[in-house]
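Chemist: Residue-level listing of the chains:
There are 6 protein chains.
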Amino acid sequence: MSDGRSRISTDLDFGRDGKQVGYLNVPHSRDSSAWGTLLMPITVIRNGDGPTVLFTGANHGDEYEGPVALSKLARALEPDRIDGRVIILPALNLPAFKAARRLSPIDGKNMNRSFPGSRNGTMTEVIAHYVYTELLPLADVVVDLHSGGKSMTLLPCAVMHRLSDKALEARTMEALQAFGAPAGLVLEELDSEGMLDTAVEEMGKVFLSTELGGGGTLSVPTVAIADRGVRNILSHFGVLEDTPAPSVEPTRLMEVPDTDCYVAAGHDGLFEPLFEVGDSVAAGQPVGRLHFIEDPHRQPVDLPARRAGTLICRRVPSETERGDCVAVIAQDL
Amino acid sequence: MSDGRSRISTDLDFGRDGKQVGYLNVPHSRDSSAWGTLLMPITVIRNGDGPTVLFTGANHGDEYEGPVALSKLARALEPDRIDGRVIILPALNLPAFKAARRLSPIDGKNMNRSFPGSRNGTMTEVIAHYVYTELLPLADVVVDLHSGGKSMTLLPCAVMHRLSDKALEARTMEALQAFGAPAGLVLEELDSEGMLDTAVEEMGKVFLSTELGGGGTLSVPTVAIADRGVRNILSHFGVLEDTPAPSVEPTRLMEVPDTDCYVAAGHDGLFEPLFEVGDSVAAGQPVGRLHFIEDPHRQPVDLPARRAGTLICRRVPSETERGDCVAVIAQDL
Amino acid sequence: MSDGRSRISTDLDFGRDGKQVGYLNVPHSRDSSAWGTLLMPITVIRNGDGPTVLFTGANHGDEYEGPVALSKLARALEPDRIDGRVIILPALNLPAFKAARRLSPIDGKNMNRSFPGSRNGTMTEVIAHYVYTELLPLADVVVDLHSGGKSMTLLPCAVMHRLSDKALEARTMEALQAFGAPAGLVLEELDSEGMLDTAVEEMGKVFLSTELGGGGTLSVPTVAIADRGVRNILSHFGVLEDTPAPSVEPTRLMEVPDTDCYVAAGHDGLFEPLFEVGDSVAAGQPVGRLHFIEDPHRQPVDLPARRAGTLICRRVPSETERGDCVAVIAQDL
Amino acid sequence: MSDGRSRISTDLDFGRDGKQVGYLNVPHSRDSSAWGTLLMPITVIRNGDGPTVLFTGANHGDEYEGPVALSKLARALEPDRIDGRVIILPALNLPAFKAARRLSPIDGKNMNRSFPGSRNGTMTEVIAHYVYTELLPLADVVVDLHSGGKSMTLLPCAVMHRLSDKALEARTMEALQAFGAPAGLVLEELDSEGMLDTAVEEMGKVFLSTELGGGGTLSVPTVAIADRGVRNILSHFGVLEDTPAPSVEPTRLMEVPDTDCYVAAGHDGLFEPLFEVGDSVAAGQPVGRLHFIEDPHRQPVDLPARRAGTLICRRVPSETERGDCVAVIAQDL
Amino acid sequence: MSDGRSRISTDLDFGRDGKQVGYLNVPHSRDSSAWGTLLMPITVIRNGDGPTVLFTGANHGDEYEGPVALSKLARALEPDRIDGRVIILPALNLPAFKAARRLSPIDGKNMNRSFPGSRNGTMTEVIAHYVYTELLPLADVVVDLHSGGKSMTLLPCAVMHRLSDKALEARTMEALQAFGAPAGLVLEELDSEGMLDTAVEEMGKVFLSTELGGGGTLSVPTVAIADRGVRNILSHFGVLEDTPAPSVEPTRLMEVPDTDCYVAAGHDGLFEPLFEVGDSVAAGQPVGRLHFIEDPHRQPVDLPARRAGTLICRRVPSETERGDCVAVIAQDL
Amino acid sequence: MSDGRSRISTDLDFGRDGKQVGYLNVPHSRDSSAWGTLLMPITVIRNGDGPTVLFTGANHGDEYEGPVALSKLARALEPDRIDGRVIILPALNLPAFKAARRLSPIDGKNMNRSFPGSRNGTMTEVIAHYVYTELLPLADVVVDLHSGGKSMTLLPCAVMHRLSDKALEARTMEALQAFGAPAGLVLEELDSEGMLDTAVEEMGKVFLSTELGGGGTLSVPTVAIADRGVRNILSHFGVLEDTPAPSVEPTRLMEVPDTDCYVAAGHDGLFEPLFEVGDSVAAGQPVGRLHFIEDPHRQPVDLPARRAGTLICRRVPSETERGDCVAVIAQDL
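Protein chains in written order, with our numbering: chain E, 1420 to 1752; chain C, 1420 to 1752; chain D, 1420 to 1752; chain G, 1420 to 1752; chain U, 1420 to 1752; chain R, 1420 to 1752.
In isolation and in its complexed conformation, chain E is listed as follows:
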């Protein structure tokens, strides 16, 4: 396969000062449009040679705080108020976003397992390849706004990884705290291959992610966290010349030490939570219960926590399949 330049084109000039609002043109030949194009919205605001921050939303198509906060930011931000460059992609996996699904309906792929992508691959891979080869090299900092999506809801938090480059880890921790989410999650990613996170970190750049609510809905407080967080990041890196954001509560740092923190359903059933996000759970306590409504003779099954800690995530849809994650427990760092 060729490793030439991406087939994605754009009328925007990333090196130009000023504000440009437009599209990435992603070729998308299909039955209903032989020479169709997917138009991915992008906004670039630049003023001089300060640092470049790349914001992405809808890496998973059913996570909405990112697209909304980033669309607002793209409309609001003017070049004369910044020093540096801000690149905003509110809907990274646009086909998934249009379908209101986690994964792309075109190829069934998870954008966040598709990096570094492929020029001649499927739609998701083609987008990942463009981001990897064209946008990441321009960026100093990448902030990828996730939420729990339709299947999960989380304690709103910013997320970073333990890194072997300790200087980069320290800078990332500063960014995480600057974001100003109620909680900060420091992850030891067991298998990070294919993630945007990994692609950025391996380039030695600051990468920050978030998990802001979920359930395929937006809420007033989680949108506020996202709105404030993206501006805080721009201030932190000196891109936004605003007065500093109003002081927020310090971020509570947490970790998910091992896979015992995940509680999975052992059967198909109807999931009843016994704790809500933010509650403290003791080891052995059932965090939820599976009901078998169709079989009136069958007893419900409890789903115990294997570790004590704070419930930071629970499943949203009641209907649950064997193997689905129903809860995640974190511990203070």
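Mixed in with the good hints there might be a few duds.
[Claimed, not checked] Derived DMTMM-like pairs (lysine to aspartate or glutamate); straight-line CA-CA distance at most 25 angstroms:
| id | chain 1 | residue 1 | chain 2 | residue 2 |
| --- | --- | --- | --- | --- |
| 1 | E | K1517 | U | D1687 |
| 2 | G | K1624 | G | E1660 |
| 3 | G | K1491 | U | E1660 |
These are calculated hints, taken from the structure and not from any lab test.
The hints should help you fit chains C, D, G, U and R onto chain E, whose structure is shown.
Modeler: This is chains C, D, G, U and R only, laid out in the frame that chain E set:
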């Protein structure tokens, strides 16, 4: 068409004392099973000649407090603790429940617009016809547990209608207050044809409904309201010989006076709520906003409340179509 | 609704002597053909004023002995060999047949619950209405060839009903024995509303059905039974002037006395039969077993016969849903 | 079933002078929106007590000249230029139009076989019922703009029926000629039950239809015919006080005398036309040919005209099923 | 992955003189046929050692002039009339052709971006690999007959590329003019990776393509162009010993100099063309317009040409998505 | 792409003595479960250092003797009865098994063409990669239980390949005969790339497969063959310390010498078999016939055997597509 007896059969004997756990056998010939049967779970507990309470859940298949609370009740209730009869159908629209959808995947029908049903009709109509002809005549009180379903979330409430039979209305109001939900909604149903509610009310029996949360998920507090409410109803009507339920806050009575209380989306877009359920809204204030993420040049559109009051319902899925209800406002009675 | 004549037309003249091979033209406006027509194959062979036998196949679209035996008969039969009239519809539910499904893919309906049909109804109802209003009045005898379809396999048999008109029942029994299938099933249909059977019987005409194998496949012996049976019927009623068919074994008469003869699956699972069609089963013996392959901790469940007798039917697809019929037991008459 | 007033509501006041642009609110509860509404665009322009003309488009959802010409008309028409009332429904079968299909994706129904509709029926029936009970009584003249849809293309023409009320037929013929299409088709509808046409004609009102191109596309000339025709009709009935439309060629009157004018495919195959719309065809000449590309050993099959005349319609999609209409031949009146 | 020989087999012997009509056997194991085979029709006609011309149709499955003209050619051509070898594949992407879709329904792939294919890849890749490894080496000239497909219609033309090998370009230009289409398009393909075109050109062989109409239909004139063109090509290369084809108009040579020649829709809407194929357009003139029928308050949007020239292509389906190409403008060479 | 260790994990310790029943945890992020896991049942029974036998079922998801016999074996086998290790995977392609389909519904792939798999590939490839990298290295013998699946039925047989390693071939032949199926098929696989068979054989290990019935159903005799066969294999390799299985008929050895033994349908049609599995067929005899029920004018087409022998396989579903295999003929070795 014939108006003979329902084709649905059961091994249960509604006139027998004791506890019977079993199924309604609904004939369901289909491609994968020529002589298939849909087994609808049902529990009957009877002790003497006291009143009969019929409980139904999952009238809409994506509303879960009902099925869970009623399954628990069916397991827990023993005949020697009651005086009368309790009939429990935890999943009235079982095909919709199995599909985790509001409407039946078999015929696309809304169970709550299908009464009095039809012996030779579609699956939903056949079930409605059985309930109408076989179960309603046995009942003195019918409680139908709804929630908001996958598309809406509501302030947890019990629901009743204004009735022309004022004595029945008064008895219903007592039942509503006995249920013990935080709120009580008194509706002037504009077009109630086809509803289970109407079918029961026209027989001169007490009918109570609920709206308990929504979003296609269960929550710890809404399950607790349902668990407590069904027992409160049994105590209120003298069926459950328990000590009375622990005193709960009095129910706040509300109404939705007219269609101006509903806020609808005027465009396809991404819905951002600006108020949460339970918040007070002033007339003219936007209760939410539609974003057009795919079109970075298009401004969001505000969705103003036409009436002041309390937001008792909002849309859950962010993706929204023209005409979707995004909020409902109620006023104190 | 109008009760005018059917919209189905044909170039064939049922009153004309000779052999006519053609179509019923069923209007079928659809997205891909605004003025489309469904062409239902039909053959009419007539010679003088002898009795009229109407043969139908694929009343359910996944039952194949009928279509094959009737297509052969339609090609082979010449007017100079008969005395009377033979009308052959090899594929009554043509849309279901084309889709290789039991029910019509157009309206999801079971043809054999759609009589007397409706002029302005759905596709299945429109066909039933034509048969009811145009073909049944022409017929003296109706033979409707069924098999088990994709979900069931049966001991090959001819089938008739207990009738209140005892003279008609006797004539039907003679026809059943003349058909020459290995077995003959005499059914007390509990709920026969909507069946072609009922429509014919209520007109006081001889109606015979069959169940010949199944599993959505053809077999050498069951095709032979069908081939021979349709000619035997024509001989029996004096329509075919052939030498009589070679003597066959006498038909073993059986009945299915009550619903205890049906064995249903109580759970979703993988069905393992423990008896084959034709085997003798004692009451209480498990006729099959449900396995739960996905859950290695769960024990299989036995499915016991509630009555002794001969297994005349078992489920074919291993994957089985709660409520599916897995076996039917018959007793000698 | 109830025969009460339609559940469809609107903020528009049909009796008010001036121009009102808004929606019919069609209740549409569905899985993704429990209390959803289908918003059907409608425009009413009224000035005094002149006659009322009702225009409808997209009776079939894949016919586009109507929606476009009527949207333009609705935007352009101002009350001070008219005398009377114009009611414009650019997309009568809105769900079909949104899906770009002939039939409604919600219930699979053909709007033009669904009149007089039903209050409690399916979506298509509910819309038909509203039109029948609320709009037709207001109208003096109804013009329903059709095209060939995705499967057919036609010689652009206005269409009327032979009527038993000869005075009404004469007035309709005048309207047909006033419309100014290149051709005028006078049909003897064999089975008109359920059509909007019939509903209007039976009320003794002028009903005019059109067939303007097709193939699921718009063309410059057919849009021009529609744009001009709707204004000509308004002028003809004295509603539009414009100077008369520039003189157009007189309409060529044609008829389709019997079903021999229709040519149908006898097999599944790939349709190659041998004549285009407007060409003269002799009886016996093949109007097209079916190819069997997948079977290189099979010869193509010619599809001969059974009558001489002008080809006024041919099938568009090459892929063709047995029974599909591939051509219609008309004769000059 | 292995790079062994293709799994596709055939009974045809490409080296044998005479005419052979048969199939390529493409292994196609699937749910409904464990050991199924896709039978791709192929015809080989050979007489001695003259040049080999390979004709392919239905590279995209909804383009029909190729399959029809090539099926006719395959039936008509006899070895004694030729000098050399003609290999005819009327339906290159047979699964897409059977589904009447541009792309393969099996793997969603575009055949014309799948070269050189892969032995162990998906169905489309496996076919491309066979053509690349087994057929292209046999060919001196490849003619791949395209049309606009269901979404586009084009001015009928033959198509070639600017080539770095100028001698090959000159020979290709001679072939293009010999084909005898009304127009000839000379393309500077920006990104030709994966195309059959490129695969052939890189082997130093003459490659000619066409665009003949579209809209998923056939027309009398475009079929005639294809019929004549394929014979002209055979004559031009000395394979067909016919008298030369009757003189045709010289081909008008055109080019599409840059991406400004493409006009795309900026919104979802209903596309109304303002010019037809073959019309001259001035820079800045709107070539079409997007209507928003569902929103009666929203004005249509014009879609202006960015360059002057001749409209050689326009979108067919009125329903249009953001990013769809609605028109292409070419300029005389 | 990385070639690191599989992302599939398990709590089981393959090196531990005793019986462990659990799951392979296959990461399966999807729209309905962001952090979902597919739980593949696995049982490991170990006692000391004897040989390891790996059993797999449902390599194709619609083949059921394997899953049932292996689930029984996994429940019945206790460590104190064995010497060595038995690893049991009753449902290798679990997603296909859950969907009751041959191929995986997730990626459409054939598990038995997906070896050696890929760490970062699709679901089927990820499972194959785990088996290849983690389980095959542990095994001395691999037995993969196939049946005919939904589309075919076979003479019950064990299957092995001709191998270049003649010592391995001899040991495999001994295992084949030990299995005790009525027939043994020795195949010269023409294209074995991607098969589990090949993966094992290339490691120099004994690989045995079976074909036990089919039609997507289980039968009493084929389950018995599977139950007995898996125990016979364990006894043969000294793993099971049972008394030897009761003597069975010697296995009849057969081969399928070339592709002329396969009979394929040349048209779409309805397949009527003229021979059953186990019957002797002469060369030239029709083994079946294709009927064209929809076209009453078209004659059936015979499908002749090209070779004499025993029919060991025939198609099950009557509906048949061009290219489908309808019969396979084998010859005694």
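Chemist: Give a verdict on every hint.
Modeler: Status of each hint after checking the structure:
{"no.": "1", "hint": "K1517/E to D1687/U", "verdict": "13 angstroms, holds"}
{"no.": "2", "hint": "K1624/G to E1660/G", "verdict": "22 angstroms, holds"}
{"no.": "3", "hint": "K1491/G to E1660/U", "verdict": "58 angstroms, violated"}
In terms of the numbered hints stated before, the structure departs from hint 3 and from no other.
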